[in-house]
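S.K.: Each chain, written out:
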Amino acid sequence: MASLIQEPVDDRIYSLNLGPQHPSTHGVLRVLLKLDGEYIVDADPVIGYGHRGHEKMAENRTYEQFMPNACRMDYLSGLIYNHGYCLAVEKLAGIEVPERARYIRTICAELNRISSHLLWFGAYVMDLGGFTPFLYAFDDRENILDILDRVSGSRLTYSYCRFGGVARDIDEQFITATRAFIARLRSRWSDYHNLVTKNVIFINRVRNIGVITTDQAQRFGVTGPSLRACGFAYDMRKAEPYEIYDRFDFEIPMETASDAEARYLVRLREMEQSCRIIEQALDQLPAGPYRNDKVPFKVKPPKGEVYFSFESARGQTGFYLLSDGTSYPYRLRARVPSFSNLHVLVEVFKGTLVADAVSILGSIDIVVPEVDR
Amino acid sequence: MLEALGNLLGADLSRILVGLIAVLLFSQLNALFLVWLERKVAGHIQLRPGPKEVGPFGLLQTIADGIKLVGKELITPFLADKKLFILAPVLVFMPVLVGFMVLPFGENLIIRDMNVGVLLIFGFSTFSVLAILAGGWASNNKYALLGAVRSVAQNVAYEIPLLLSVMAVVLTVNSLRFSEIVAAQGKVWFCFFQPVATLIYLICATAETNRAPFDIPEAESELVAGFHTEYSGMRFGLFFLAEYTNMFIVCAVATSLFFGGWHGPFGFALGIPGVVWFLLKTYFLLFVIMWVRWTFPRLRFDQLMNFSWKVMIPLSLANLVVTAAILKFI
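Residue numbers (our numbering), protein chains in the order written: chain A, 1 to 373; chain B, 1 to 330.
Calculated directly from the structure, the hints in this document are not laboratory data. You may find that some hints are simply not true.
Said to hold, decoys possible - Calculated lysine-lysine pairs in the DSBU-like style (CA-CA distance at most 30 Å, straight line):
no., chain 1, residue 1, chain 2, residue 2
1, A, LYS34, B, LYS82
2, A, LYS350, B, LYS142
3, A, LYS198, B, LYS310
4, A, LYS56, A, LYS300
5, A, LYS350, A, LYS34
6, A, LYS56, A, LYS298
7, A, LYS238, A, LYS91
8, A, LYS34, B, LYS142
9, A, LYS198, B, LYS40
10, A, LYS350, B, LYS310
11, A, LYS91, A, LYS350
12, B, LYS83, B, LYS68
To be verified - One-sided and incomplete, this derived list gives chain A residues near chain B with beta-carbon spacing under 8 Å:
no., residue
13, LEU16
14, PRO23
15, MET57
16, GLU59
17, ASN60
18, PHE131
19, LEU135
20, ARG205
21, VAL354
22, ALA355
A quick note: this is a predicted structure, and the numbers were derived from the prediction, not measured. All C-beta atoms in this analysis are idealised placements derived from N, C-alpha and C, irrespective of residue type, glycine included.
Construct the entire structure; sequences and hints are all you get.
M.R.: So, in structure tokens, the structure goes:
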């Protein structure tokens, strides 16, 4: 377990604090490393610096009031969390959602997934020392933020979904902008691949680095792109289709190498699949109301419990809600993917170099506020 | 007799004095300009304009930054080795200035045309790694120490192929004097005779100056800031200026050794003065180094060492032997 006090430096093994303030821990994560030269003997992630007590907060807020909290757990895929939370409450309270709203939500959630992966792509290459792809990715991501900003009024923590619909309808301009963005993103793949994927230095930094064995992945409950890079094509959107994901034709990208490169490739290919989902959803988009007007101002689900899990950009996320019949949830529990994905590193880090540790940590794609909650 | 000696001394002294002032002025202005250029190049590569607010084209941005650095508090860590900690930034800048003494800017624009110019410049440039080690050690910080240790290992590994590639040129000209080496390239530059040596020199020079993709000692995503993690204010500024001045020197040496110094291409000067040719070529090489930095990710430390010991050193050694053999039998 975490020994919070640094041990004295003996003659060979010494400890090094990677974080909590460190450029490549992406937030306030602290990893206590025991090093022999530059080789890692032991790694111990110390979490909790960003703990805000979202689960406790939920008990003192109505279902609507908790909505902004959901996006703040994982600020990079806020809309997906928001969407997932709404679906969980709707399932608990039995709220009907109009068809158009379901399509709008799916489109926005997938846009958010692309933006999250784009940011990850840039930040990961920056962890490896390449600065320029970071800004290219941000340039593309800016388009998504603009699109979502127009409909939700926010750039990062959207709170766009409502119980039984969405806050605002999308218009023709949203559709043209989204289609233009997809065309633009597709034209950028060759740039990304030429600049990064085919770069010999990059390949040397990611190939056979940070292999997560299938056994480790199962023991630690690794999900998301990290699991799909181990040869499991497991994605909640296909495994237990929710919302309207069963209506679209898309694939679950999978790699078998289990290393950092496999995780990188899976994420890049996922962006393309998200583009496909958005295109199909835009084609099928029905007319009609964008919100269920019959939903009361204060949602009061009947007594009971619900567990709803969905696929965020980082893996399988779940909300467990226990209702006692009032408008306040009796208990809320969130299962977050970053938490389990982070702790597999304890085993993966052993025997690697400090530089590899940065590469592996980046390839897992954790969001620290999500780990701490 | 005495009068003649006095004249000589006077002429010599004034020459040294003028040279010193010119070097100090040029090296400072040049470093400021290079920092601006780097940010502009980085900006345009990254689809953004770079500095543009302070002064025309943002030219005064680095001066503003310099003033900011001078105004900052100099923090010395509590458990640092104080003397060494203060000395290190000075130590890193001194040898850089010496390098300017022997650089052949033009046919008659050399402060001191020594017969061991090449040796002097590489001898002194090795000093900077000593300063980095001192700074990293004295900071009493694990990240700084790791950076310093990496820096020493890297410099030792890359100095060998660097010098071996330079030796190939020295063998061809049979002189260590910069003016003679440049004069020998009046018609054809040595980069055409020695393509392998040129390539090795450019790669090793990038590594010598700790530039990306070889910026392992200050790899910010791993070691925070490497050897200068604990340095603040103008002490950090000196490390920074030294890095850019060092870059200028290695590129100027590359220009004189491989790209014909003050000569135009294939003997065509096109009416442009030699010093302009020299600076043009040097700044072009600097641009290439910046271009590389903003394009590639960073190598891992062990890969870097392997690359030097397993590829660069055997290659440069083979190049030297082949050069020597050809010179012997022709």
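S.K.: For each hint given before, does the structure comply? Return the numbers of the non-compliant ones in rising order.
M.R.: 11, 15, 16 and 17
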